[in-house]
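Engineer: Chains as they are written, first to last, in the working numbering: chain L, 1 to 307; chain W, 1 to 342.
A portion of the hints provided could be inaccurate.
As the list claims (entries may be wrong) - Result set (DSBU-like, lysine-lysine): computed pairs, CA atoms no more than 30 Å apart in a straight line:
no., chain 1, residue 1, chain 2, residue 2
1, L, K56, W, K9
2, L, K125, L, K56
3, W, K299, L, K125
4, L, K56, W, K218
5, W, K9, L, K125
6, W, K238, W, K321
It should be emphasised that the hints constitute simulated quantities derived from the structure, not laboratory data.
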Amino acid sequence: MKFKKILFHNFVFFAITMEIFFEPKVFENKKRKPEEFAEIAKELRRDVIKSLLLAKSGHSGGSLGTADIFAVLFFGGFLRYKPENPKWEKRDRFVLSAGHICPILYATLARAGFFPVAELATLRKLGSRLQGHPALDTELPGIETSAGSLGQGISIAVGMALSDKYLDKNDRRVFALTGDGELQEGSTWEAAMAAGNYKLDNLCWIVDNNDCQIDGRVREVMSIYPIDKKFEAFNFDVITIDGHNYNEIINAFEKFINNHNNQIGKPTVIIAKTKMGFPISFMTDNYEWHGIPPNEEQALRALAELQ
Amino acid sequence: MENFKLLGKKATRFGFAEALVELGEKYPNVVVLGADVTGSVLTSFFRDKFPDRFFSIGVAEQNATTIAVGLALSGKIPFFATYSAFSAFRNADQLRISVCYNNANVKIGGGHSGITVGPDGATHQALEELSLLRTLPNMTLVVPCDYIETRKATLAVAEFFGPAFVRFGRAPVPWFTTEETSFKIGKAEIFREGKDVAIVACGLMVWEALVAAEELWKRRGISAMVINNHTLKPIDVKTLVDAAKLCGAVVTAEEHQVHGGLGGAVAEVLAKNYPVPMEFVGMPDTFGVSGEPEELLVKFGMTWREIYSSALKVIERRDNKIGSNHVYRKVKDIAPLSNDIL
Ligand SMILES: Cc1ncc(C[n+]2csc(CCOP(=O)(O)OP(=O)(O)O)c2C)c(N)n1
Ligand SMILES: [Mg+2]
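Bound conformation, chain L alone (with noise of 0.2 Å):
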């Protein structure tokens, strides 16, 4: 077992040297047909289990479940950016509210070309520029604003799209994503009111409904249903879909955008019906993968079901 071990130890540190571990391909930001985002989201999601492996703390079943909606937002022409220049000021941003699923930002920020993948190796260790919750103070190149207080995110969220909207009159949009359990936060609802009360039709609130967090089921620790209807009620143009499907990711994400060009007056929710840890076997609709990384066999096994 110690022998396995170290071997598998020195594997890894020979992959990560040679760049096999991390290998440094990145993906264009470009109108796709469905079934190419299968690749990304893999390649998302393989990044996930390696920088959460090495990184031995970290929120694995977020992050994997998201992948398929990351993969369409970042790779199908989608949110606009330059990762060349990534203040670009034309850019529409992307908040991560739920912070503490930012394994799959940082890797698919890697694969878009912001930093180099490699990097993804030193996920949450002294020094990093990837922090255990997205660190705007790192200046890591895509991250737009610190998280990990959950239901902030959003609020700030609502003050970009208002400050694009009636200060700056650009035709920028705001992409922001919450958990679930995230909902819980009164201060969740206040970013709907306020959003609704301006008719924020650049912003594009994507719910990540996984009905998990960390103490169990969202609906048993204190449900938030139906979420529907309370975003209707906030005046919310709402679309409700199965977030690993990618012709409903897609054609949500192009409502969003047909919303905003036509000035609708009402901001946009994608409720996107998830699976934590998705698609790994053992990980999948499992509550207790909210918040812990993959062991080495773990992590080999989840490698191997990505092949």
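We have chain L; now place chain W with the ligands onto it with these hints.
Structural biologist: Chain W with the ligands only, in chain L's frame:
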């Protein structure tokens, strides 16, 4: 004087959780509120034993704090625990008005506190809450030094009426006190006698202070007093002033920003009663970063080494009266007393 030895390492959150179960058995009106981190702060122990007296509130710390007040105003003794980042900051307004202004019998647990929460990074490393909590009227604020003392502190705060906050952590830390070690809310304990310098510490820095004192003695023959100042509020003025009088130089040590926490509290007491040179060991006015607990304590200077060098520095300041050679004129000789009738 107890001679403290390292008994092992254990996270202080276990002391909190075990005490809650004990309290649950003893008092039928003890209730616990959870905010979706039940398994992390181990209020799951209580939940599993007394499911009818456990309320899951969800990720809603402001709500949980104020619901606790409602329970308290209905004769219950509610304990609400989550990470200090959210049980002291997210709900700060609720703590100020609903808990403290009402003088409600609400007990707050601050888990995963300090830099030792580690890889989660700055957002989760509460290093400022002592300063905030210390200024709230009616609040009792306890920062126990190890697992056993956290258990004692949690039991103790249930025994009086009024708001209280007990701070504890996630990582295994030195465990060195025993059932016999004396503990009383509001009473600073002298853990080591000494006469050259007084080290006043709380939380996991108490063990570091003991190590520093031993090193000062072995390497330099300096005799350092170590005070475990677990209760930041109400603070033990007498013990602190006596120590300052005896040693004439004080170092404080805490897993918290150097401003406003234990160091600030001790400085306030001494400035008013018996000013002596002081040095402060703690987080140097910066946010933390991801890393392993031990790495971070070293990186940000919260180990026995900083206490050791601060002790040398403060003794030097005392002995050479650094900064105190100005001669002030005696005001009583120049102004007539009658002018003081305001
Ligand atoms: C204000 C605040 N309270 C508590 C936490 C601790 N915490 C981190 S993630 C989480 C659960 C969130 O559930 P959800 O939004 O559904 O995310 P998922 O588990 O699906 O990834 C909690 C309670 C936090 N980060 N911020
Ligand atoms: Mg969830």
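Engineer: Work down the list of hints and note, for each, if the structure agrees.
Structural biologist: Against the structure, the hints:
1. K56(L) <-> K9(W): Holds - the C-alpha atoms of K9(W) and K56(L) are around 20 Å apart, at most 30 Å.
2. K125(L) <-> K56(L): Within the cut-off at roughly 10 Å; holds.
3. K299(W) <-> K125(L): Holds, because 13 Å separates the two Cα atoms, which is no more than 30 Å.
4. K56(L) <-> K218(W): violated (39 Å)
5. K9(W) <-> K125(L): holds (23 Å)
6. K238(W) <-> K321(W): Within the cut-off at roughly 25 Å; holds.
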